[in-house]
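Visitor: Okay, here's what each chain looks like letter by letter:
There are 2 protein chains.
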Amino acid sequence: MAIFAAMSELQVYNTLSRKLETFQPINAPFVGMYVCGPTVYSEVHIGNVRTFVSFDLIYRYLKFLGYKVRYVRNITDVGHLLDDSEEDKITRKARLENIEPMEVVQRYTVDFHQTMQAFNTLSPSIEPTATGHLIEQIDLIQRIVDSGLGYESNGSVYFDVQAYNEKEHYGILSGRNIEELISNTRDTDGQEDKRSPLDFAIWKKADPQHIMKWPSPWSVGFPGWHLECSAMSTKYLGTTFDIHGGGMDLKFPHHECEIAQAKAGYGHEPVKYWLHTNMLTFNGRKMAKSEGTGVTPRQLITGDHPLLSQAYDPMTIRFFMLQAHYRSTLDFSDEALQAADKGYRRLMQAIADLDTLQASQNSSLNVAELTDRVKAAMDDDFNSPIAIAHCFEAVKWVNLMKEGKESLNNTDLQSFRNFFKEFVAEVLGLTAASAGESVDKIDGLMQMLIDMRQQAKTARDFATADSIRDQLLELGFVIKDGKEGTTYTMK
Amino acid sequence: MAIFAAMSELQVYNTLSRKLETFQPINAPFVGMYVCGPTVYSEVHIGNVRTFVSFDLIYRYLKFLGYKVRYVRNITDVGHLLDDSEEDKITRKARLENIEPMEVVQRYTVDFHQTMQAFNTLSPSIEPTATGHLIEQIDLIQRIVDSGLGYESNGSVYFDVQAYNEKEHYGILSGRNIEELISNTRDTDGQEDKRSPLDFAIWKKADPQHIMKWPSPWSVGFPGWHLECSAMSTKYLGTTFDIHGGGMDLKFPHHECEIAQAKAGYGHEPVKYWLHTNMLTFNGRKMAKSEGTGVTPRQLITGDHPLLSQAYDPMTIRFFMLQAHYRSTLDFSDEALQAADKGYRRLMQAIADLDTLQASQNSSLNVAELTDRVKAAMDDDFNSPIAIAHCFEAVKWVNLMKEGKESLNNTDLQSFRNFFKEFVAEVLGLTAASAGESVDKIDGLMQMLIDMRQQAKTARDFATADSIRDQLLELGFVIKDGKEGTTYTMK
Numbered sequence: 100m101a102i103f104a105a106m107s108e109l110q111v112y113n114t115l116s117r118k119l120e121t122f123q124p125i126n127a128p129f130v131g132m133y134v135c136g137p138t139v140y141s142e143v144h145i146g147n148v149r150t151f152v153s154f155d156l157i158y159r160y161l162k163f164l165g166y167k168v169r170y171v172r173n174i175t176d177v178g179h180l181l182d183d184s185e186e187d188k189i190t191r192k193a194r195l196e197n198i199e200p201m202e203v204v205q206r207y208t209v210d211f212h213q214t215m216q217a218f219n220t221l222s223p224s225i226e227p228t229a230t231g232h233l234i235e236q237i238d239l240i241q242r243i244v245d246s247g248l249g250y251e252s253n254g255s256v257y258f259d260v261q262a263y264n265e266k267e268h269y270g271i272l273s274g275r276n277i278e279e280l281i282s283n284t285r286d287t288d289g290q291e292d293k294r295s296p297l298d299f300a301i302w303k304k305a306d307p308q309h310i311m312k313w314p315s316p317w318s319v320g321f322p323g324w325h326l327e328c329s330a331m332s333t334k335y336l337g338t339t340f341d342i343h344g345g346g347m348d349l350k351f352p353h354h355e356c357e358i359a360q361a362k363a364g365y366g367h368e369p370v371k372y373w374l375h376t377n378m379l380t381f382n383g384r385k386m387a388k389s390e391g392t393g394v395t396p397r398q399l400i401t402g403d404h405p406l407l408s409q410a411y412d413p414m415t416i417r418f419f420m421l422q423a424h425y426r427s428t429l430d431f432s433d434e435a436l437q438a439a440d441k442g443y444r445r446l447m448q449a450i451a452d453l454d455t456l457q458a459s460q461n462s463s464l465n466v467a468e469l470t471d472r473v474k475a476a477m478d479d480d481f482n483s484p485i486a487i488a489h490c491f492e493a494v495k496w497v498n499l500m501k502e503g504k505e506s507l508n509n510t511d512l513q514s515f516r517n518f519f520k521e522f523v524a525e526v527l528g529l530t531a532a533s534a535g536e537s538v539d540k541i542d543g544l545m546q547m548l549i550d551m552r553q554q555a556k557t558a559r560d561f562a563t564a565d566s567i568r569d570q571l572l573e574l575g576f577v578i579k580d581g582k583e584g585t586t587y588t589m590k
Numbered sequence: 100m101a102i103f104a105a106m107s108e109l110q111v112y113n114t115l116s117r118k119l120e121t122f123q124p125i126n127a128p129f130v131g132m133y134v135c136g137p138t139v140y141s142e143v144h145i146g147n148v149r150t151f152v153s154f155d156l157i158y159r160y161l162k163f164l165g166y167k168v169r170y171v172r173n174i175t176d177v178g179h180l181l182d183d184s185e186e187d188k189i190t191r192k193a194r195l196e197n198i199e200p201m202e203v204v205q206r207y208t209v210d211f212h213q214t215m216q217a218f219n220t221l222s223p224s225i226e227p228t229a230t231g232h233l234i235e236q237i238d239l240i241q242r243i244v245d246s247g248l249g250y251e252s253n254g255s256v257y258f259d260v261q262a263y264n265e266k267e268h269y270g271i272l273s274g275r276n277i278e279e280l281i282s283n284t285r286d287t288d289g290q291e292d293k294r295s296p297l298d299f300a301i302w303k304k305a306d307p308q309h310i311m312k313w314p315s316p317w318s319v320g321f322p323g324w325h326l327e328c329s330a331m332s333t334k335y336l337g338t339t340f341d342i343h344g345g346g347m348d349l350k351f352p353h354h355e356c357e358i359a360q361a362k363a364g365y366g367h368e369p370v371k372y373w374l375h376t377n378m379l380t381f382n383g384r385k386m387a388k389s390e391g392t393g394v395t396p397r398q399l400i401t402g403d404h405p406l407l408s409q410a411y412d413p414m415t416i417r418f419f420m421l422q423a424h425y426r427s428t429l430d431f432s433d434e435a436l437q438a439a440d441k442g443y444r445r446l447m448q449a450i451a452d453l454d455t456l457q458a459s460q461n462s463s464l465n466v467a468e469l470t471d472r473v474k475a476a477m478d479d480d481f482n483s484p485i486a487i488a489h490c491f492e493a494v495k496w497v498n499l500m501k502e503g504k505e506s507l508n509n510t511d512l513q514s515f516r517n518f519f520k521e522f523v524a525e526v527l528g529l530t531a532a533s534a535g536e537s538v539d540k541i542d543g544l545m546q547m548l549i550d551m552r553q554q555a556k557t558a559r560d561f562a563t564a565d566s567i568r569d570q571l572l573e574l575g576f577v578i579k580d581g582k583e584g585t586t587y588t589m590k
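Line by line, the protein sequences are chains X and W. When we follow the working numbering, the leftmost residue of the first sequence carries the number 100, and every step to the right adds one. When we follow the working numbering, the leftmost residue of the second sequence carries the number 100, and every step to the right adds one.
Worth double-checking, as some hints may not be accurate.
The list makes no distinction among identical chains, and a pair is therefore deemed to hold if it is satisfied within one copy or across any two copies.
[What the hints assert, rightly or not] In silico DSBU-like cross-links for lysine-lysine, where the CA-CA straight-line distance does not exceed 35 Å:
{"no.": "1", "residue 1": "K162", "residue 2": "K192"}
{"no.": "2", "residue 1": "K385", "residue 2": "K293"}
{"no.": "3", "residue 1": "K266", "residue 2": "K495"}
{"no.": "4", "residue 1": "K556", "residue 2": "K582"}
{"no.": "5", "residue 1": "K441", "residue 2": "K362"}
{"no.": "6", "residue 1": "K520", "residue 2": "K304"}
{"no.": "7", "residue 1": "K167", "residue 2": "K501"}
{"no.": "8", "residue 1": "K504", "residue 2": "K520"}
{"no.": "9", "residue 1": "K582", "residue 2": "K266"}
{"no.": "10", "residue 1": "K362", "residue 2": "K495"}
{"no.": "11", "residue 1": "K441", "residue 2": "K371"}
No lab work stands behind these hints, which were simulated from the structure alone.
Could you build all of it, start to finish, from the sequences and the hints given here?
Guide: Here it is as structure tokens:
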């Protein structure tokens, strides 16, 4: 089957082996992919949006290749502790705003979904929540305790990193070793329950005033953040699955801990391919709210930010993100977004023009060669910037064909059209800007009426031609006849 | 405070007492409201949409009055058994489609949220899922067992309705009594574990092949459907809260069982005011897919249904729903929707015109009297049809002022403007039509093309007529010729 031949070409960069590997799913054509989702205590960070857009591209390309992908992305609604503190991010927000933690969760989950929709990311197949999987998490903690690698201390349960490291390598994913980690550890308060400062909580006993808490064999408390992803990925994808993704800031300690938990609880490596997206900067600097270099998705979309000169369509921002490889850093700036906006519009105009091209007797261009180049770029660890560069070769072709300088025969034109329409819409996930569909429909109807007016003119039926023009004017469309043919504007 | 004076005027019809009662929240200005949400195994039924639009109106009006409302609406993602069967609705769909039950849940949860957004309903404050509250449900089952009103039988746990009825009245909400219920019971298979056919499962032991199951003190299984609402409303609103709502088909047995569970588990009435919405019909008949009288929200919005002549904007449908009181049945029909569409547009035009009105020296109209009438209608058990009728009085005023036949001074014009803008947008939840303008433009262009096709037919130029039809089809417009003229639908 052609599709399986194509499959074997895909190379992915595996953080675990630090090299490109041929993608071979455990149980093709099925692929299991888990991506760490947001902690829903504030508006999603634009860096997270980039991560989710990157995995959306990966999800879409795997589907394009014919894989049946189960894509699981979680919602962290409990247990994500603030650094060096015993407080959970969501509980803190709820305390500050004097509402129920689950109201914080609901508000920012809705906001997250709306943002993801604006950027045209597909919904994951399953979107499990940490609070929805307490029983599964308690089961995994019990397994870890039974394996001898978890210990209870004053109602909390900790993972024994040193004991684990005697058998396995703690730090295998991020390339660290335990001696180095120990020497970098500072003494912090509230650590006296642990055998070693490297140990991490898999269950925390709750203070009496804590709201989000559940009964367990050890105490009334809540699960550690690292634990939820292990429990939920196992529930929906099995104890070993194909792809685990996330931002590179999650490599250590979050993903390192996931590996340790899975090995302790289930006895083997949880993941075949670990994929990590790189970071964002803004005007060359790390984004930090305190320095005024932070920018939210909403600010980009509305243009409401001192360093932005205009509002950007979410499709422009998506296009801009895809113009960098997911493993490269990406620098946002007003100028770069303006350039991306032009490029995006040029690409979409060419896609719209595809329908107007006429077939010729002969082909002067090699369609298969160009589409192969696009696929080869994507097969090279989802290299969207190179794939987009080849799409702009196609844009050039469209314009040359419009001018009559190049031609395609009927078969070639069909495959050219089909491939680029599908690739741009279904793989890159780019659609005509927001009010897209209606605009397309209006455009289609206008083309029909402009053609009919032209026919009337050719047949010297000026009454009909004028009547069409006048009726359109009444509806708010102004027709202009020019050298390049007839165009229109909407009032 | 003005706001508290206003509060005491609100009357709500309480299903439990079968009469209008003055609304007095347990802990004003806070109000707790729980509404039974969808079972996410298929596209949401238009009858459910009406229920959620009705409670959206109630939520919005309570907020308008100044109450701080915590609105909880659940998602049923497990445990909703099919009638006379041991199979769960979601598990059955997953089995038929050969996917994981949580993939079914995700697909239809996303679809539900998109539909709710289209109808401009506000997100509830908290949207808990049944699978997210297993621990809480198991805790409630244990309480019911401890109270002597629940019994275990072969790993399942049942609620003992007859024992409960010795102390309390089972049927109090729906006006039934146990003798009548017993005499109406038929013998069905799979009931041998129960002491009485009236008893209902609060925990079901799962078959080995069952996917959605969890450990419990009684068996590996899953909770009964009635149980989740008791557990989740208690968790987020307390053991007694102000308002519980749902469609009237849920009165019995679902809400009746909730009352029984709460009294057994927590020892008192769970809810102060029970509110129920009435049913929908379509062309005067109960909607039933099998009879072709079913219509989905998507069909109404696209017009893709044999009994609809056109697509309807979700705002038109919302307006149509609000033109009936939530406790009245509502009959959908193409004609009624067309009339609603005209009314809705007239109302929105007047709202837009408000900004163009000029103040005069004197007022010839009594603004306070009209706004009081609108509020009085809403205070009368949320009587939106009467409130809307008074809004049309305001529409008349706007048009008379435009013609210079009536006038308002500056102060009166301000309060007239502010009240009606806020009431229509924030309480009725009506905004300018979604893609309104584009839809109008598309409609204008379509009328031109339909006329031109008709002219071609009249001139016996069938080639042109057919070409118009074919080109429109390609753009996604389906033309239908009928007795009343030519209409179209959008794919």
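Visitor: For every hint, state whether the structure bears it out.
Guide: Going through the hints against the structure:
1. K162 <-> K192: between (38 Å within a copy, 23 Å between copies)
2. K385 <-> K293: within (34 Å within a copy, 65 Å between copies)
3. K266 <-> K495: Answer is neither: 58 Å inside a copy and 82 Å across each miss the 35 Å cutoff.
4. K556 <-> K582: both (16 Å within a copy, 34 Å between copies)
5. K441 <-> K362: neither (49 Å within a copy, 65 Å between copies)
6. K520 <-> K304: Answer is neither: 54 Å inside a copy and 51 Å across each miss the 35 Å cutoff.
7. K167 <-> K501: neither (39 Å within a copy, 61 Å between copies)
8. K504 <-> K520: within (22 Å within a copy, 57 Å between copies)
9. K582 <-> K266: neither (64 Å within a copy, 82 Å between copies)
10. K362 <-> K495: neither (52 Å within a copy, 73 Å between copies)
11. K441 <-> K371: Answer is neither; intra-copy 40 Å and inter-copy 59 Å both fail.
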